[in-house]
Structure formats: C-alpha cells, structure tokens
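Colleague: Here is how the chains run, residue by residue.
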Amino acid sequence: MGRVAPSFEEVGGKQQPAVGLGETVSRTVSELRVAYESGRTRSLEWRQSQLRGLLRLLAEEEAAAFRALREDLGKHHAEAYRDELGVLVKSANAALREVWVPLIAFPARAQLEPQPLGVVLVFSCWNVPLGLSLEPLIGAVAAGNAVALKPSELAPATAKFLGDNIGKYMDATAVKVIQGGPEVGEQLMEHRWDKVLFTGSPRIGRVVMAAAAKHLTPVALELGGKCPCIFDTLGGSARDLQTAVNRVVSGKWSSCAGQACLAIDYVLVEERFVPVLIKAIKSTLKRFFTDSDHMARIVNARHFQRLSGLLKDTSVAASVLHGGKLDAKNLCIEPTILLNPPLDSAIMTEEIFGPLLPIITVKKIEDSIDFVKARPRPLAVYAFTKNAALRRRIVEETSSGSVTFNDAVVQYGIDSLPFGGVGESGFGQYHGKHSFEMFSHKKAVLTRGYLIELSARYPPWDGSKISMMRQLYRYNYVGFVLTFLGLKK
Amino acid sequence: MAARGGVGVEADVAALRAQFAAGRTRGAEWRAAQLRGLLRMAAEAEAEVCRALHADLAKPYTESYVHEIALVKSSCRFALKNLKKWMKPQKVSASLMTFPSTAMVTAEPLGVVLVISAWNYPFSIAAGNAVVLKPSEVAPATSSLLAELLPQYVDSTCIKVVEGGVAETTALLEQKWDKIFYTGNGKIGRIVMASAAKHLTPVVLELGGKCPVVVDSNVDLHVTAKRIAAGKWGCNNGQACISPDFIITTKSFAPKLLEALGKVLEKFYGDEPLRSSDLSRIVNSNHFNRLKKLMDDENVSDKIVFGGQRDEHQLKIAPTIFMDVPLDSGIMKEEIFGPLLPIITVDKIHESFALINSMTKPLAAYLFTKDSKLQEQYEAGISAGGMLVNDTVVHLTNQYLPFGGVGESGIGAYHGSFSFEAFSHKKAVLVRGFAGEAAARYPPYSTAKLKILRGVLKGNLGSMIQAILGFPRGK
Chain S
1 MGRVAPSFEE
11 VGGKQQPAVG
21 LGETVSRTVS
31 ELRVAYESGR
41 TRSLEWRQSQ
51 LRGLLRLLAE
61 EEAAAFRALR
71 EDLGKHHAEA
81 YRDELGVLVK
91 SANAALREVW
101 VPLIAFPARA
111 QLEPQPLGVV
121 LVFSCWNVPL
131 GLSLEPLIGA
141 VAAGNAVALK
151 PSELAPATAK
161 FLGDNIGKYM
171 DATAVKVIQG
181 GPEVGEQLME
191 HRWDKVLFTG
201 SPRIGRVVMA
211 AAAKHLTPVA
221 LELGGKCPCI
231 FDTLGGSARD
241 LQTAVNRVVS
251 GKWSSCAGQA
261 CLAIDYVLVE
271 ERFVPVLIKA
281 IKSTLKRFFT
291 DSDHMARIVN
301 ARHFQRLSGL
311 LKDTSVAASV
321 LHGGKLDAKN
331 LCIEPTILLN
341 PPLDSAIMTE
351 EIFGPLLPII
361 TVKKIEDSID
371 FVKARPRPLA
381 VYAFTKNAAL
391 RRRIVEETSS
401 GSVTFNDAVV
411 QYGIDSLPFG
421 GVGESGFGQY
431 HGKHSFEMFS
441 HKKAVLTRGY
451 LIELSARYPP
461 WDGSKISMMR
471 QLYRYNYVGF
481 VLTFLGLKK
Chain R
490 MAARGGVGVE
500 ADVAALRAQF
510 AAGRTRGAEW
520 RAAQLRGLLR
530 MAAEAEAEVC
540 RALHADLAKP
550 YTESYVHEIA
560 LVKSSCRFAL
570 KNLKKWMKPQ
580 KVSASLMTFP
590 STAMVTAEPL
600 GVVLVISAWN
610 YPFSIAAGNA
620 VVLKPSEVAP
630 ATSSLLAELL
640 PQYVDSTCIK
650 VVEGGVAETT
660 ALLEQKWDKI
670 FYTGNGKIGR
680 IVMASAAKHL
690 TPVVLELGGK
700 CPVVVDSNVD
710 LHVTAKRIAA
720 GKWGCNNGQA
730 CISPDFIITT
740 KSFAPKLLEA
750 LGKVLEKFYG
760 DEPLRSSDLS
770 RIVNSNHFNR
780 LKKLMDDENV
790 SDKIVFGGQR
800 DEHQLKIAPT
810 IFMDVPLDSG
820 IMKEEIFGPL
830 LPIITVDKIH
840 ESFALINSMT
850 KPLAAYLFTK
860 DSKLQEQYEA
870 GISAGGMLVN
880 DTVVHLTNQY
890 LPFGGVGESG
900 IGAYHGSFSF
910 EAFSHKKAVL
920 VRGFAGEAAA
930 RYPPYSTAKL
940 KILRGVLKGN
950 LGSMIQAILG
960 FPRGK
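Same order as they appear, the protein sequences are chains S and R.
For the first sequence, the numbering used here assigns the number 1 to the initial residue and increments by one for each residue that follows.
For the second sequence, the numbering used here assigns the number 490 to the initial residue and increments by one for each residue that follows.
With the rest of the complex left out, here is chain R (with noise of 0.2 Å):
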C-alpha cells in the first residue's frame, strides 16, 4: 500500500466514522467475523508472517511464532470466548436513594480508533470500533504484508491498515480519534500524546524502560540463568520492551552468576553466536550504530566481561555481558533495547532498590529469590508496569494480569478484558420508574425536608422510607 497524504488519511478517517455511525461494527456476529478472520489468517499466513519478521530482524522462526502469531491467535481466542461476557451490561447495586431503580454498566465502542505498532489490535475490534493500523515502518517488511494480508480477511471498510513513515503518522495524528493507542518510546510517546490533546483524545502508551533484574544468591542458580537469558536475547536479542535491560546482585554472587549465564549463552547459541540461526539482529543500521556507541564508550568498553562480537555487514551483535560499568554512563541511562547486559553489583541486595527507585518507573520489573521477605518488600517497595519474580518476560501472555506501564513507563493497561475495556467506554445506565418521589429534594427548601434528605444521605432507613412516601407532605 502506497504512502498517503495528509487528505488520503482524513478520507480514509472519514470513511471508517460513517461506517461507524452506520453501526456497522457493534454487533457481536460482525466483531466475531472479524476475529476468526484475524485466526485464519494467522494460521494461514504463519509461513509467510515468519518469512517477513526474519527479512525485518532475522528473527528465528519460533519467536516469530512465540512472540508474534501465537499471541495474536491466543488473544483471538480470547477474545471470541469472552465476547459474549464482556458485552453484556453488568448490573450494579442501584442505591436505596434513588429507589426504585436498576443501575447497569454497558460497554460500548469508543468509535474509530488508531493503533500505532501494537500487535494486540484484536481487541480493539472485539470491543466494536472501526480502527486504522498504523504497522512500525522500522520493519517494513512485516508492514507491507501486514497491510497486504489484512484486507483478505477482515472488513477492510471498517478495518485499515496506513503504512507509512514520519509524514504518514503525523498525518494520522492530526485527525481526530475516539482513541489513540500507541507502542513505542517516550518521545515519540509525548508527541502522540500532545497531539491527543488538541482533540481531547484518551490515549494508551505503551512505552520502555530499563527493566531490572533483581538476583538474589538464594536461586536455583541454573533456571534463573536460563530464563534471564531466554527474556534478553530470546526476545529479538532484547529489542523488546519488557525484555531485561540490567542485572543487580551481590559482589559476591556475580562471578557465579556470570559463569552461569555464560554457560547458558553457549548452549543456546552455540560458540559462535553470530552464526546462530536463532539470534535476531539489530532491526537497522541506525540502531546498530546506537547499540556500537553505547558499547565503545570508553568507561564500558573494558568492562565486557562476555561477548563483544559484531557484524556490521549482518547488524548482528552478539549476547555481550559488562560488569559494574559507571552508573552515568549512556548504557546505564537509557534503555538499552539491544543485547548488552550490564551487571551492577552491591555490597547487599536490598541496595538494588534505591537504585532501581532513582530511576524513571519501568514497564517490568524482574526478581529472582527464593526468599519470601524480599520478594514481600520488592513488591511493596518498587514501582513498575508489572512484577515477575523467578521469570522473566512470560507474564506478558497471562491473558488475566493487565499488562501496561506506569510514570515513563506508560498509561493505559491492556490485555485480555483489560484491552476490551481500554476500547471501550463503561457507560452508566440508570433506570428510574415514577414511584417514590420524594418531594425532600425538591424547592422550596425547608428545615423538615433538609432533615429527610441528611437522613437519606446517611443511609438512614427510618429517611429513607419516609423520603419515599412523600414527606414532608404538603409541599
């Protein structure tokens, strides 16, 4: 699909608001539709799919499948399987005030809403908007078919994919939306959000952090390795936003668990990383250079303890491990996005809080510890989008915990019923008969009819009922 302009995307937008307003996209027959399409398409253009993700990142065909089609299918199902449910109004305690009544909460679609680079658009559609998406051009690769295959399976008059660079998404900003929800960093994050304001736009960001990893010496020293290993570099050699970004443990534990790690390192990518077919590589040249300077900045650069390799021809960096590099130097003050681990190490473990709270707030935050005091206070004490103790990564497939940042880290929670709710708006509906007026409330005001109404407001029953049947009389 072609790059638009400016007028492409407010036809398109324009479009998508009347089929919204036809109510094209509130049934529950139509937003099923939609998401078995979306299931068909992934089983049917998983091949092709994985083909796209490694011509973008190299990616190793189980991540893609993992990370990127297996997720969208299990997020369909979702979907599908609480449709029902998540439609249906919920009824609420209606109060004794404003008796008799019923009270509900329904949910209804926002309108048209635009995603930029979320792989969890399904919900978007469960919850009845029309939506534009708007693919990360940084992999173009999976964009273009994206765009391509999308139309084949869902409504494309409500359903449309814009691809597109800088130009194109500041187009799509300028138009205004029912709901903007966006991946990314926190630049770019702020510019979504700015533009948001000026149509009075809700947005969700879901943007970065440095994700610390928290190791304890009481662990099973071997599963904590591997699973520290499998977030960072099993993630698209950690370009991925919950993907572990540094290690703090003890002076004394780190020579173990750097053995262990490295161990690890071997058996998953072999001697010779660059050569494995199941590392990703960096997604751009941009990013390379990015991830080099970081690397040779002279106060890290001998701190490498592992790794180090690279391959500018292939943009491939190969899982590099740094010990105690300065805590101002860039690879400490940004988010890394990339596969450099930097190890901190402190004299006790509970240090690693004030540490990770002189930080901004991150997506995840990780612990590995088999004692249950410091997982209590770990809990208590740091702040982040969501907590995973003695793994790393997998709460992101839990369909049940919402998933979403805090501070820096993001706005907005999704997943599950949580991303249904995001799309959409709990409307209150209350619903009153004529019985029981209460001529308390009403002017002319007077001490007998403000006593009623104190009593009302207090939950008095004796109030109430006298409020009902209409006293003070005669006014």
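So that you can see chain S by itself, here it is in the shape it has in the complex (with noise of 0.2 Å):
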C-alpha cells in the first residue's frame, strides 16, 4: 500500500540514474524518432487504428483496470467509470468522429495545415492515473505523433495496466509506455521533445520546463491549485440548496477524495449562512459515504502525514468541526470540516489535495471575490449562486483555467470547453479538439501564382512606388490602381 521510495516529486528529478537508464531511456527514444520518421503515424489509417484500439484496450481490459484503480487508491468502480474510463470513451469516440485531418484542398492559397509535432512526451500523474495517461494520449495520436508515455509510479498497479496493455492493444513501436520513478523522468528530460505535457505539482512543472528549456522544447503544464466554491444564499429554495450540496459534497469528496486538481478546496460562504450550509453538507455526507467504499483513499503513507499534518496546527484542529478521524493502517482520513482556519495556515496556504474542507466566512458574498482575486489564479473556480450579476462579476474580476456555476468538475468531461490552468495553475489547453491542437503545428501555407506581379516591392524605390503600397496597406484598391496607372500620387 503505496510506495517506500520517493517519488519524482520529493527528490525534485535529483537523483543518481541507475546503471544503465541512460541508455535504455536513450534507446527508447531513438526507436520513437524512427518509428515517427518512417511517416507511419502521419496517416489517416494509422491513427484511426489506434483510437480503435485504445477503444477496444478500455472495453475488454475493464475490469483489471477497475482493479488497478481499486488498488492504487481505493477508488470505487463507479467514481472510476464516470471520473476515468468513461470519459476515454467519450473522447476517443469524439476524436474518431471528428476526423481533424485535413483535406488537402489543392491549389489552396492560404491555408492551416496542421501537422504532427513528432515524438511527444506525456508525464501523468496519481490521482487521476488512468485518465491522464489516455486522454493525452487520445490528443497525441489523433494528431499523428509518435508517443512515450509516462505514468505515476506512485499509482504502480495503473501503471502496470498500461505497460501491460498500451502495446497490445496500439502500435507498439510509436506508442510506449515508460516505467519508473524519478530518475527515469529526469533522464527522459535530457532529451529533446517535439512536445511535453505534465500534469503535477507546480514544484516539478518548474523541473521539467527548466529541463526543456535546454532543447527549446515546448512544454504544457497542468498544475493544480485552491479551487474555491463561492456559495451563495440560494434564494430559499430547500431543493435547490440541497442539489447544490450535493454537487459540493461531490467536488470535495467525490473525486478522489479531493485527491484532484479540479476538486473543492475550500468555500467562502456568509457569515450568516454558515449553520444551514454545515447541517446539509454534514447529512449529505451521511447519505452518501455510508461506508468507506465509496470514498476513495490517500493515495501513500507520505500524502497521510502531510494531511494529518496540516491539521496539527493548533488554532487549525480547533476549527474541525467535523469528523477528523485519521486512519493511518488503512490510509483513510474521513471527510472533515473546518471553519475559518487562520488564513496564514498551511492549510490555507497550500493546495489540500485531500479530504479536508475548510470553510471560510465573509460578511457579504462579494467579498468573497476580493478574497479570490488576492491568491494565485487555480485550475478552476467554482460558485453555486442565482445571482446573475454577481457570476458576471467572478467571471469579469477573477482569473482561473476555468469558471463553473452551480457545479464542479463536471467541466472537465466537456469536449467543447478547453482544460488547463493560467498563472500558477499552469499554461497549455485540452481536451477534445484542443487536445488535438496542442500536439499539432499549425503550419501556414501561402501559395502565390506567377501572373501578378508587384514591381512597387522591389527597389530601386522612388516615391510612387512608396505611394502604391501606403495604397496597398489601407487596402485602398481604388488608390492603387490610380497611383499604378500614374493618375495619383
């Protein structure tokens, strides 16, 4: 139940690589290179195939992966089937449908067309392992890449599951799956990408793009940060309220027990209303955790300590207001509420990651803009509010990767809606065509005839041919023609 050694994020990329590594990372790369060289992915065909079989990889090998969730993080089949596996399907599916490969409209004049970046890497990370090896990886091939993968050794049986399947299932020799913890990442990084996605903490974002920076390679980073719900007074509907805690309860809880980037990380709610919020967050709790299968766990003993941590603190144990309770045999911490932690506690000052909610208190709800406005902008904000004014101001006055209203994280299995960060929260968007587009160079292509020909560009210059192109750059066709012909100036 999670790993002794530490993982990439703790040595910061730091370590001696083993005998050997080098040259296998090495060998691993080269056979990319030449896979991607060989043109093969650059077709239609080739990437159809391997949407197919990423397809048939999700529906056949369901249950080990279910398993493999199950084992990494205690993840119920359920939050792992609508978190995970299912939107890969929705994904691939889309991505088959949508056909991105261009036409070659021949004798085009001026066209996009996108092209195939090369040989990409894509680092994944933990919480969400399944979801953020595949749906970069659904990107990477739909965009005609050859693609190294490399999943969080701290989610092993995942990561087992794809380095077991990916090969099975797509084509090995332009699809590979590369195991190991972070010395493997820095040796990987030694190297030059056509593209880097990572998902992580910002800590190893700064790591991998420094390391890239070498080779001038393009980086994506996903990175998280304090998501927090703005909820609002809801007008005095019971049902209403209770539809909205539920979607609070289940973006804190419900997502990896607030083990995601997307996740609640804390409220901001009035004064006033505080009372009436508890009382329905700590029922619905009741009602939907009525056993600890139906939250996942911490992911490693390390993770437990840092959350068991953050609680230490005393003026911070003192604001617990529910539950608490830390299990640290079974790596379980039950759902714990907290009001008004001091704001300079590391629990208000580091991103949670797990399954303590700290509530915050305002005296009216628009302060609670200022008091997001005044943090680093994270992967998403959320608020549960009618009041049409007030959204227009959070989407106006705040900045995050995302804004939803009356939800959370459902955002992130919308095709049309770009997923990725801004500021500290990263930089680098994807997910259905974006996905597409961010393993892609859109390369411009202008193609010109011979028959009009533009003595004013060439020198030797004199005034008229400088009249002609002031002409030509207001789009003064009139003027132009005038100025040719010799009848203006």
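No wet-lab data here; the hints were simulated from the structure.
These numbers come from a predicted model, not from an experiment.
Among the hints, a few may not be true.
Listed below are the simulated DSS-like cross-link pairs for lysine-lysine, each with C-alpha atoms no more than 27 Å apart in a straight line [to be verified]:
id	chain 1	residue 1	chain 2	residue 2
1	R	Lys577	S	Lys433
2	R	Lys570	S	Lys442
3	R	Lys580	S	Lys442
4	R	Lys573	S	Lys373
5	R	Lys574	S	Lys442
6	R	Lys573	S	Lys433
Label pairs and their computed distance ranges (CB to CB) [claimed, not checked]:
id	chain 1	residue 1	chain 2	residue 2	range
7	S	Arg52	R	Lys756	57 to 63 Å
8	S	Arg52	R	Ala522	50 to 56 Å
9	R	Ala522	S	Ala318	49 to 55 Å
10	R	Pro578	S	Asp367	21 to 27 Å
11	S	Glu98	R	Asn846	28 to 34 Å
Just so you know, even glycine gets a beta-carbon here, dropped at the ideal spot from N, CA and C.
Taking the hints as your guide, dock the two standalone chains into a single complex.
Modeller: Okay, here's the thing in structure tokens:
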C-alpha cells in the first residue's frame, strides 16, 4: 500500500540514474524517432487504428482497470468509470468522429495545415492515473505523433496495467509506456522532445520546464491550485440548496477523496449562512458515504502524513467542526470540515489535495471576489449562485483556468471546453479538439502564382512605389490602381 | 531613457501589476484608445522612425516603411477592426451530460507581459494586458526613439519601454511575468525559457533558422529571381528571421538561376551595390566580422560566383552568391543573417528534401515550382514554421495566417487573431442550472447507477433521460 521509494516529486528529479538507465531511455527515444520518421503515424488509417485499439482496450480490460484503480487509490469502480474510463471512451469516440486530419484542398491559396509535432512525451499523475495518461494519448495519436507515456509510479497498479496493455492494443513501436520514478523522468528530460505535457505539482513543473528550455522543447503544464467554491444563499429554495450541496460534496469528496486538481479546495460563504450550510453538508455526507467503500483512500503514507500534518497546528485543529478521524493503517481520513482556520496556516496557503474542507466566512458574498483575486490563480473557480450580477463579476474579475457555476468538476467531461490552467495553475489546454491542437503544429502555407507581379515591392525605390504601397496597406485598391496607372501621386 | 538596474525594474513591474489589478487595461475603450495612439504615432513619427532605422541599419526608407511602419499600422487597424469580435465570449455546445447548461469560452488578458524585440506589441495591448517593451539594443537609435515617443501616444502607466542591454534584460527576466514574448536567437531563447521556468511563465519564442529555398526548373525564372532577391536582400539585407538563407536547385538549372539572379541584382542595386542607398548595411561590427569570417573561410571563399565586395568602414557587404560550398562549412551550419547566399546543387530536385530535413526546422521554407505534385510533397514532407510557394517573405503580411516557428525555430504563433490569442487566456465558463439533478453520479454507488452512467457517457439518449429524471429513484 503506497510505495516506500521517494517519488519524482520528493526528490525534484535529482536521483543518480541507475546503471544502464540512460542507455535504455536513449534507446527508447531513438526508437520512437525512427517510428515517427518512417511516416507511419501521419496517416489517417494509423490514427484511427490507434484510437480504435484504445477503445477495445478500455472495453476488454475494464475489469482489470477497475482493479488497478481500486488497488492504487481505493477508488470505487463507479467513480473510476465516471471520472476516468467513461470519459476516455467518450473522448476516443469523439476523436474518431471528428476527423481533424484535413483533406488537403489543393491548390488553395492560403491554408493552415495541422501537422504532427513529432515525438511527444506525456507525464501522467497518480490521482486520475488512467485518465491523465490516456486523455493526452488520444490527442497525441489523433494528431499523428509518436508518443512516450510516463505513468506515475505512485499508482503502480495502473502503471503496470498500462505497461501490460498499451503495446497489445496499439502500435508498440510508436506508442511506448516508460515505467519508473524520478530518475527516469530526469533521463527522459535530457532528451529533446517535440512537446512535453506534464500534469503534477508546480514544483516539478518548474523542473520539467527548465530541462525543456535546454532543447527549446515546448511544454504544457497542468498544475493545480486551491479551487475556491463561492457559496451564495440560493433564494431560500430547499430543493436547490440540497442540489447545490450534493454537488459541493461530490465536488470535494467524491473526486478521489479531494485528491484532484479540479476538486473544491475550500468554500467561501456568508457568516449568517454557515449553520445551514454545515448542517446540509453533514447530512449529505452521511447519505453519500455509507461506508468507506464509496470514497477513495489517501494514495500513500507520505500524503497521509502531509494531510495529518495540516491538522496538527493547534488553531487549525481547534477549527475542526466535523470529522478529523485518521486511520493510518488503512490510509483513510474521514471527510473533515473546518470553520475559519487561520488564513496563514498551511491548510489555507497550500493546495490541500485531500478530504479536508475549510469553510471561510465573509460578511457579504461579494467579498469573496477580492479573497479569490488576492490569491494565486487556480485551475477552477466554482460558485453556487442565482445572482447574475455576481456571476458576471466573478467571470470578469477573477482569473482561473475555468469557471463553473452551480456545479463542480463536471466541466472536465465537456469536450468543447478547453481544459487547462493560467498563472500558477499552468498553461496549455486540451480536451476535445484542443487535445489535437496541443499536439499539432499549425503550419501556414501560402501559395502564389506568377501572374500578378507587383513591381512596387522591388528596389530601386522611388516616391511612386512608396505611394503605391501606402495605398495597398490601407486596402485602398482604387487609390492603388490610380497610382499604378500614374494618375495619382 | 536611462538604463536601470534591478530595483527600477521591480518597481516598474509592481506599478504595472497594480494598474492591471485595478482593471485599467480591461475595457474595450482603453484598448482601442491605445491602438489608435499607436496608429497616430506610426503616422506622425514615420519620418523620425525611418531616420532612426537609417541610423541603425542604413535601412532604405521604403523598407522601413513597408516592414516596420506599415506592418504596425496594419496590425493596429486589424486589431481595432476585430477587437470587439475577439473580446466577445464564444458560446460552445454544452454536453447533454450537463443538461441544462450553457458553456462558453471567454478571452481574458494574462496580466503583465514582457515583449522583447518584437514589433507586434499592438496585439498584446489589444488583448488587455499591461506591457513592458524591451526593444533591441542592437538598434540603439530606434530603441531610444521608441522610448521617447511611445509615452506620448499611449497610456504610459500601463505600457512601458525599458531600454538596455544584457544587464537590463537579465533584470527583467528575473521578474515574474504572465507571458514573455521573445524574438531573437536560439541561444538567448533558451535563457529566456529557463528564466520563465522559475515562475512557470508561458513563453512565445520567435527564433530563426536556415530558411531554405528550393528552386525547381519548372518556374517563371525572372519572377522567381526577383522574388528571391527581394526576400533576401530587400529585407534588411538578409538580416531577417524569414530571409531566404540558402538555395537548393538542380545542377542543370543552377547556371540559369545564377544568371537570372545576377541580372536582377544589377537592376536592383546597380553595378556598384556598396554605393546603393537601397541596400541596408550590417547592423554592427560584431555581425560584420561574423559574416566576413563566413565569407573568408578557405573552403568557401573560392566558391563566390557573384559579389563579394565589402566596406568595413561603412559596414556594408554586397549581395554575394556562392556555388556549392561544403555542407559542413560555417556558412551552412549557422543561420547566415546577412547578404550571403549559398546555392547548393543536387542531381534531382527531390534530394533537397533530405538535405532540409537533416537540418533543424526553420521558420519558413520556400519553394518555387509550377509542379503541383512537387508542391504537395514539399508541404507534406517538410516541417517548418510556415511555408510559401512561389514567393518569399510575404506570408508575413497575411493577418489570417499564424506566424511562428517549430522546433528550433520557435514556440507559439502570432499575427492577427493568433497574436490576440497568444496574449490571452481562453477561460472556459460553464453555467448550470439546478434542474436535471442526476442521482446516478453520487455515492453510494450501485450497479443501477453505474449502468446509467455508462449510458450517459456513451451519449445514449435513453440513459441521459433516465439520469435527468433522477433514476435510480430512492437513493
């Protein structure tokens, strides 16, 4: 249960590489380059066959996938389907349907030709280990690249599942799974890639980007942040209140027990409304989590220590209103609610990534906008409100990867919405067509004929040539023609 | 504007952050006003700008006008015309999974951005950012003119010019920016990206490369020669990132091409090119010496077939053409960025592909041919930032095509709406209602719920209806 060896995260990529590791990684990278340069991954047929292979994998090996996720994270298979497999099936089907490979309309005068970038590297993360590996993979193969996938070693059962199956269902010479910890990550980043997508912590994001800079490798970083949830009074409708609380509880604890970049990190609510909210959350928690089976566990001992550590601070401990029970043996922390822990405590300055929910009170709900603005930009801002003016202010005055009103986390499954961060939550967006674009180069191609020759562009220059160019740049075609004909200066 | 140290820069950035946080740069009115100010500056200061460019580069007036003034003006006009459209949130289809809901993508400014040596700063303003411009110190007259003029035409609390060299640039790079836009070479590009990594700042790097020109024998020779010459020597005398760097053509066609180029060059610059006012000089003595070294290499100097004249005093080098220099010579290994044009010959034109692919990906790849099959193969087989067939350089002016590199030639693209996007964050916004509560998504999980979830995620309408109607009931 959980690995003893330090993760890539912990060591910041500074391990001594194992003997032979460098060569193994180099060999893998050259194999991928050879595969890409053969041109095989460019064809529509290849891309479609990979996507179909992936779909078959997800269908045929579903039970094994569920088992792996249960082993790694204690994830219930319904959550696993809802958040990982189901989403992947949807995405792969969408990619197959869309046919983003353009028909080269020849001869066109000016066109944008999306081309694969080449050989790309995807670093996945442990909390949605299948989803964060395969969703980028869908985009990368749809765009015609050769791909190296490095699953997180902190979810070893899923990593093994991927290692065992990807080669069986997809083109193993052009799509490779590379296993290992920080030392492997470091070796991989010694090489030049045509793109790297990294999902994980800002600390390692910096390490990855710095390594990429040496080769001018373009990167996309999907990081995290503290996703706030602004909870307004909802006009007194009990039913709507319950709906909202269902969604808040789900958005916190049903997403890998809060260990999700899109999970609600903390709630902002008006002082006077706190009792109603807390009562509703408590009863919903009771209804949803009838036993520990329905909530994921903490991924490993290190994160368990980190989360328990957040509660050790005396003034934080004093603010615990509900829950707080720690089960170190099973790596379980029960859903915990805190009321107004100190704003400078670790639980309010670091991304929680766990089942602890601070509730911060404000005098007026509008004050939450300044609260959010004063802090680093998160991956998502959530707000439950019926107030259109407040909604508009939140969209216009706060900045985040995305904003979702009256729900949480569900934006992840919507293809038409780009998924990615801004500022400290990262850069680069994917999902749906954006995945295709993330792994493509949009080459501009302009074709000219020989017929129309514009002598004005050539030296030696004189006043009339300059005049002509002025007209042209002003799109003043009449003026241009007159000047050309010598009838205007 | 005097050069400043780290403290001055830090204070500048803090001031810009405050202005941005106060929302000063967000409204369409402010953005439009800045763009109009830039337009006025380009119009009113045209003569001064051209004089400065002439001082820095001996740039012919027309070149300055076309490449700098006109481009800035047309960028401003294009941005003004499209501003409202770009700022408008785009509705996108929300999924049935979240019915009822509306989804949209809205463009928001990134914040405070740093633009190093690029002339397309109008778009960073159009996107609503606060901007620091760091003009190239290699063109000092232009740099100080910009520093002097810009504050007179735009809101200098939100748009600043910081001049200087290595020290100032280093100080700037230490600050935290919301985006860095750098134009220049790969070596500095790496330094910029490494600094950006410390703050997780996204970057756009417009770098260089050796832009190849493949010339088939099936062409209109005279027009081809003119367009190559205009792109090579008519753009700062070869000192432009998209200048044709070298030519590849067949052994049989090379003499004809050379002859045509020679004729064209004589027409453009006369028989004493060093005295032509239409030819820019080399920007400074460092670069002059670098180019001189490339030319004087013993394996290369005997391959000169046209030109070769130079004047150290004026820092001028005449258009010079080489025939079949060794592929491992300096002139074929680094980006030339000057008026030297090697012609490499091959037996069959298709051999040019392998040669180009053996080099790093360039910013632009050019092809002259009337053979549509060759064109198709070139488009499919060569990777470059952009591609232009039967002309050189002009794709730069098309506001509808993204301009940017790939691989060593850079990261990110811009021009027109792509610039606006480069300086924006596309924020996804989802608005849900309270109806359509789907119990199936919540724990405690059951087989019945999972069945419905499967259906919903597969797009099965029946399942969606069930989900929306709250099945399975009673949980």
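Colleague: With reference to the structure, classify each hint as holding or not holding.
Modeller: Evaluation of the provided hints:
1. Lys577/R with Lys433/S: Satisfied, since the Cα-Cα distance of roughly 20 Å is no more than 27 Å.
2. Lys570/R with Lys442/S: holds, 24 Å
3. Lys580/R with Lys442/S: Since the Cα atoms of lysine 580/R and lysine 442/S sit roughly 23 Å apart, the hinted pair holds (cutoff 27 Å).
4. Lys573/R with Lys373/S: Roughly 25 Å separates the two Cα atoms, so the pair holds.
5. Lys574/R with Lys442/S: holds, 22 Å
6. Lys573/R with Lys433/S: Judged against 27 Å, a Cα distance of about 25 Å means the pair holds.
7. Arg52/S with Lys756/R: 57 to 63 Å: Given about 60 Å between the Cβ atoms, the range holds.
8. Arg52/S with Ala522/R: 50 to 56 Å: Given a distance of about 54 Å, which is inside 50 to 56 Å, the answer is holds.
9. Ala522/R with Ala318/S: 49 to 55 Å: Holds: the Cβ-Cβ distance is about 53 Å, inside 49 to 55 Å.
10. Pro578/R with Asp367/S: 21 to 27 Å: Because 26 Å falls inside the window, the suggested range holds.
11. Glu98/S with Asn846/R: 28 to 34 Å: For asparagine 846/R against glutamate 98/S, whose Cβ atoms are near 29 Å apart, the range 28 to 34 Å holds.
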